[in-house]
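The letter at position 102 of the sequence shown is residue 102 when you use full-length UniProt numbering, and the numbering goes up by one with no holes.
For the record, the hints were derived by calculation from the structure and aren't laboratory data. All values reported here derive from a predicted model rather than from experimental measurement. Glycine included, each C-beta is placed from N, C-alpha and C at the ideal position. A portion of the hints provided could be inaccurate.
[Claimed, not checked] 30 Å max Cα-Cα, derived DSSO-like pairs, lysine-lysine:
id, residue 1, residue 2
1, K101, K119
2, K117, K3
3, K56, K101
4, K20, K72
5, K117, K106
6, K44, K78
7, K101, K117
8, K101, K47
9, K78, K3
10, K20, K3
11, K119, K20
12, K20, K56
13, K56, K72
14, K101, K20
15, K44, K72
16, K47, K20
17, K78, K47
18, K117, K20
19, K44, K119
20, K44, K56
21, K117, K56
22, K47, K117
23, K47, K3
24, K3, K72
[Said to hold, decoys possible] What follows is a set of in silico ranges between Cβ atoms, one per label pair, in the way DEER data are often shown:
id, residue 1, residue 2, range
25, S45, R69, 26 to 36 Å
26, D74, N111, 24 to 34 Å
27, N111, S45, 28 to 38 Å
28, D38, P81, 13 to 23 Å
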Amino acid sequence: MSKTLVDCGNCGPDFNSIRKMVNANFEATVVQTHGAEDTLQMLKSRKVDLVTINRKLDRDYSDGLEIIRAIKADPEVKDVPVMLVTNYDEHQQTAVEEGAKYGFGKLEIGNAETVEKLKPFLAG
1 MSKTLVDCGN
11 CGPDFNSIRK
21 MVNANFEATV
31 VQTHGAEDTL
41 QMLKSRKVDL
51 VTINRKLDRD
61 YSDGLEIIRA
71 IKADPEVKDV
81 PVMLVTNYDE
91 HQQTAVEEGA
101 KYGFGKLEIG
111 NAETVEKLKP
121 FLAG
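Construct the complete structure from the given sequences, taking the supplied hints into account.
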């Protein structure tokens with residue numbers, strides 16, 4: 001059964017890099033969103049297995065942690081796993097404190113460690 005990853009706030013090239021990594025390693029669909037409103041709408045309209053959120057959203061450079069907080073505050077979708085996409089450990093730690101799983105940075109897209117982090121959510 002195909003899984004679904006929602007990727008929020010990444011620019012086109014970064015979204016495509018994440019999509020290619022996921023498609024190369026998992027039977028999963030990758031859908032792009034751009035902010036809290038469309039991400040929450042997507043989570044409420046279909047089954048989503050994982051959300052990845054850019055630390056700084058491409059469209060307005062707002063903080064991706066706010067989307068993590070919005071998801072975790074919504075009783076309807078709070079149990080959907082989320083990961084922050086950032087190379088900075090201190091931001092990963094803050095995201096984990098907000099209820100996210102430890103994510104990965106853009107420099108780590110495609111490496112074996114990142115694929116391992118995604119397996120619990122996207123593997124068969």
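Against the structure, the hints:
no.	hint	verdict
1	K101 - K119	holds (12 Å)
2	K117 - K3	holds (15 Å)
3	K56 - K101	holds (17 Å)
4	K20 - K72	holds (27 Å)
5	K117 - K106	holds (14 Å)
6	K44 - K78	holds (11 Å)
7	K101 - K117	holds (9 Å)
8	K101 - K47	holds (18 Å)
9	K78 - K3	holds (18 Å)
10	K20 - K3	holds (15 Å)
11	K119 - K20	holds (15 Å)
12	K20 - K56	holds (21 Å)
13	K56 - K72	holds (18 Å)
14	K101 - K20	holds (21 Å)
15	K44 - K72	holds (13 Å)
16	K47 - K20	holds (21 Å)
17	K78 - K47	holds (13 Å)
18	K117 - K20	holds (16 Å)
19	K44 - K119	holds (23 Å)
20	K44 - K56	holds (23 Å)
21	K117 - K56	holds (21 Å)
22	K47 - K117	holds (20 Å)
23	K47 - K3	holds (8 Å)
24	K3 - K72	holds (21 Å)
25	S45 - R69: 26 to 36 Å	violated (21 Å)
26	D74 - N111: 24 to 34 Å	holds (32 Å)
27	N111 - S45: 28 to 38 Å	holds (32 Å)
28	D38 - P81: 13 to 23 Å	holds (18 Å)
Of the numbered hints stated above, the single one contradicted by the structure is hint 25.
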